[in-house]
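*Asks:* Sequence:
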Amino acid sequence: MTPLDTASRGWRKSSYSSPNADNCLEVQDGHPAGVPVRDSKRPEGPALRFSAAAWGAFLDDLERPAPPRGR
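Note that UniProt numbering has the sequence shown beginning at 1, numbered continuously upward.
Don't take each hint at face value.
Claimed, not checked - Quick list of simulated restraints, FRET-style, between CB atoms:
1. 29 x 65: 25 to 31 Å
2. 62 x 20: 16 to 22 Å
3. 68 x 48: 27 to 33 Å
4. 53 x 17: 41 to 47 Å
5. 59 x 22: 18 to 24 Å
6. 68 x 32: 22 to 28 Å
7. 59 x 10: 14 to 20 Å
8. 46 x 69: 16 to 22 Å
These are calculated hints, taken from the structure and not from any lab test. Cβ atoms here follow ideal geometry from the backbone N, Cα and C, with glycine treated the same way.
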């Protein structure tokens with residue numbers, strides 16, 4: 001597996017993150033091998049790469065209402 005260049009440009013905060021928060025996910029659009037994701041607090045740190053299908057499933061799950069909590 002080829003390491004991701006986390007120093008490159010094109011990273012953006014996820015639209016699910018608070019605009020003023022510093023504990024956000026950043027994603028890089030247009031990567032040919034999936035969707036790279038990194039921690040905004042450590043942009044020089046490692047990034048995870050998800051397949052487009054896995055990232056889409058994650059986003060779909062975020063949009064679902066939370067199930068009621070049982071007692």
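*Asks:* Is 25 to 31 Å right for how far apart the beta carbons of residue 29 and residue 65 are?
*Replies:* At 27 Å between Cβs, range holds.
*Asks:* Taking 27 to 33 Å as the stated bounds, is the beta-carbon spacing between residue 68 and residue 48 within them?
*Replies:* holds, 31 Å
*Asks:* Do the Cβ positions of residue 68 and residue 32 conform to the proposed distance bound of 22 to 28 Å?
*Replies:* At roughly 41 Å between Cβ atoms, residue 32 and residue 68 fall outside 22 to 28 Å, so the hint is violated.
*Asks:* Looking only at beta-carbon atoms, does the pair residue 59, residue 22 fall within the given range of 18 to 24 Å?
*Replies:* holds, 22 Å
*Asks:* Could one say that the CB atoms of residue 46 and residue 69 fall in the range 16 to 22 Å?
*Replies:* This hint is violated: roughly 34 Å between Cβ atoms.
*Asks:* Go ahead and decide if the range 41 to 47 Å is satisfied by the Cβ distance of residue 53 to residue 17.
*Replies:* 22 Å Cβ-Cβ, so the 41 to 47 Å window is violated.
*Asks:* Is 16 to 22 Å right for how far apart the beta carbons of residue 62 and residue 20 are?
*Replies:* Given about 20 Å between the Cβ atoms, the range holds.
*Asks:* Take the C-beta atom of residue 59 and the C-beta atom of residue 10, compute their distance, and say whether it sits inside 14 to 20 Å.
*Replies:* holds, 19 Å
The earlier numbered hints that this structure contradicts are 4, 6, 8.
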